[in-house]
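K.L.:
Fit chain A to the given chain Z structure using the hints.
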Amino acid sequence: MSSWLFIVVFLFLLVFRVPIAFALGLSSVVYFMMNGMPLTTIPQIMITPFDSFPILAVPLFMLAGELMNTGGVSHRLYNFAKVLVGHIPGSLGHVNVIGSMIFAGMSGSAVADAAGLGAVEIHEMIAEGFDPDFSAAVTAASSTVGPIIPPSIPFVIYGSMAGVSVGALFAGGAIPGTIMGLSMLPVVYVIARKRSYKIYKRATLGDLGRAIQSAFLPLLTPVILMGGILSGIVTPTEAAVLAVVYALILGCFVYREYNISQLFRIFSQVGRSTGTVIFILTTASVFGWILAYEGVPGIVAKTLFEITRNKYLLLLILNILFLMLGCFMDTITILLVMVPMVLPTVKEARIDLVHFGVFLTLNLMIGLLTPPVGMCSYIVADLAKISFERVVKATIPFMVILILVLMIITYIPSTVTWLPSLFGYVPTR
Amino acid sequence: MRNVQRVLVRVATNFFNWMAFISMSLIVAAVFLQIFFRYVIQSPLFWSEEFAKFMFPWLTFAGAALAVKVSGHISINYFVDRLPKKMQHIINRIGEILSSIFCVLVVLYTIPLAESQKNVNSTALAIPLNYFSLSIVVGVIGIVIFMLWGKSREKEL
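From first to last, the protein sequence lines stand for chains Z and A.
Start counting the first sequence at 1; every next residue gets the next number (my numbering).
Start counting the second sequence at 1; every next residue gets the next number (my numbering).
Just chain Z, with the same shape it has in the complex:
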């Protein structure tokens, strides 16, 4: 029983604000020392994640997203979305959702969506007389489609943890992501009607033409990415590099938005984001190694199957488990630590692994909104200059809708698996 002390140490460090990466590492050291195991094993395990070419897609997708964000692309997409849906009651609210959905096709991180495009969206909405809490809530809620609509950083990480094709996961996220985005529009409509927010004139055909022309090149990015991956021409990592090079060409030569010092800043900033995510990956591998050594995956499977062998009930239990974890921990850590823990159960219950990856990620995305550690809610509260509590309160209708969507994609697996199956993926039944 004493070997479980390292989990207590881990939680204790987390509560006292030790960064997650170090908390994972320190608690692992405690375990190794208590069991008299050689500490040289720790760096050996820490270095293993770097031997993965798929994982390399994580910094590359971050870089592509950041380049698009700063290279004048987010403005163009925003204006494009405005021409499309600006005349519907709720105008900029819809623009916000549609803009995030389009941007999700180039960026794979909800946090980056909320912080990058979100800054543009919130600023405009407040300037046009929308309430700050509503503006912040729409931005946070719509940023969660980022990692569901491909590309997606969580899918890259899940894919390599679970040994699932990242391409199949990307294809699997497309329909659920679209459902998520579209289901938010009625919420925006109802709230906006009640508060009678500003509406824009319907765009003329000429406006539409101009907006399409201006956004045309960036809109090709998702086509290049998904076309390349699904046709099997490039791997996801290579596709990410194509997106990076494409964004560089757009930003340097077409729109002329970057100079060298700006590029340097963007690269080092993406380096920092990589550092935080992949550093967690290194120490989480050690932590995960210990959990596997202790046979935790087997214990989890045994416990869950003792509760029920019914697949539908099991899906419900998994959802509740991950929703709760998502409230307290960040996406990456949960993926890294928990996926190997529940994978045997999921396989045994014959839940399709692509299906599991997508609804698991959606759970974690809802966790980005919920207190006490909803990362996206914190970011938008900061941008809109209102309290975290106000954002959370305004986000509740969106969370309800997201949980509804979560139930739909959990219990109708074909919403996820149908699209990948067209490209040769064989789902588990």
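It should be emphasised that the hints constitute simulated quantities derived from the structure, not laboratory data.
Remember, it's a predicted structure, so these values are computed and weren't measured experimentally.
Worth double-checking, as some hints may not be accurate.
Unchecked claim - With a straight-line Cα cutoff of 30 angstroms, these simulated DSS-like cross-link-like pairs (lysine-lysine) come out:
1. Z:LYS393 - Z:LYS194
2. Z:LYS347 - Z:LYS302
3. A:LYS85 - Z:LYS385
4. Z:LYS385 - Z:LYS198
5. A:LYS118 - A:LYS53
6. A:LYS85 - Z:LYS393
7. A:LYS86 - Z:LYS385
8. Z:LYS347 - Z:LYS311
9. Z:LYS385 - Z:LYS194
Stated by the list, open to error - Label-pair ranges, simulated between beta-carbon atoms:
10. A:ILE127 - Z:GLY206: 54 to 60 angstroms
11. Z:LEU11 - A:TRP149: 28 to 34 angstroms
12. A:TYR131 - Z:LEU220: 35 to 41 angstroms
13. Z:MET324 - A:HIS89: 27 to 33 angstroms
The beta-carbon is built from N, C-alpha and C at its ideal position, and this holds for glycine as well.
P.N.:
Using the frame of chain Z, we list chain A on its own:
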């Protein structure tokens, strides 16, 4: 002493910024060449993937060090934020010291690992594997420098 610290932090900031920039650029270049040679020249490169993977830890640990400087590492602030400011300060400092201890341990145990890999070469490029694990040592030393002396209050570098 203060001056020495300031210079050290400035040098380290520059060093890790360049390390991140160079490794990131090289990764992009290598993977792009890989696609280019496969489809345009039609003779696939044998070294590009290994080279990109080789630069990956250098990028990561440079970034991990820089992230310390702007307190960018993800942590759960919810509970500590509710304590009085003085307590927060003490708790943060204890956390930094504990994290530094972890880093020192990692350095101590990575050096023998790197030592043992000195004569093992990678398959495609024949680079000794200890250059791989050396990135941990360099990055983690950076983390300690920033952790103890270099935390800036602002979010900019």
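K.L.:
Are the hints correct? Go through all of them and say.
P.N.:
Structure-based check of each hint:
1. Z:LYS393 - Z:LYS194: 17 angstroms, holds
2. Z:LYS347 - Z:LYS302: 13 angstroms, holds
3. A:LYS85 - Z:LYS385: Within the cut-off at roughly 22 angstroms; holds.
4. Z:LYS385 - Z:LYS198: Since the Cα atoms of LYS385 (chain Z) and LYS198 (chain Z) sit roughly 21 angstroms apart, the hinted pair holds (cutoff 30 angstroms).
5. A:LYS118 - A:LYS53: Holds - the C-alpha atoms of LYS53 (chain A) and LYS118 (chain A) are around 18 angstroms apart, at most 30 angstroms.
6. A:LYS85 - Z:LYS393: Given pair LYS85 (chain A), LYS393 (chain Z) holds - Cα atoms ~27 angstroms apart, limit 30 angstroms.
7. A:LYS86 - Z:LYS385: 25 angstroms, holds
8. Z:LYS347 - Z:LYS311: 11 angstroms, holds
9. Z:LYS385 - Z:LYS194: 24 angstroms, holds
10. A:ILE127 - Z:GLY206: 54 to 60 angstroms: Once the Cβ atoms are compared, 58 angstroms apart, the range 54 to 60 angstroms for GLY206 (chain Z) and ILE127 (chain A) holds.
11. Z:LEU11 - A:TRP149: 28 to 34 angstroms: 29 angstroms, holds
12. A:TYR131 - Z:LEU220: 35 to 41 angstroms: 39 angstroms, holds
13. Z:MET324 - A:HIS89: 27 to 33 angstroms: 31 angstroms, holds
Comparing the model with each numbered hint stated earlier shows that all of them hold.
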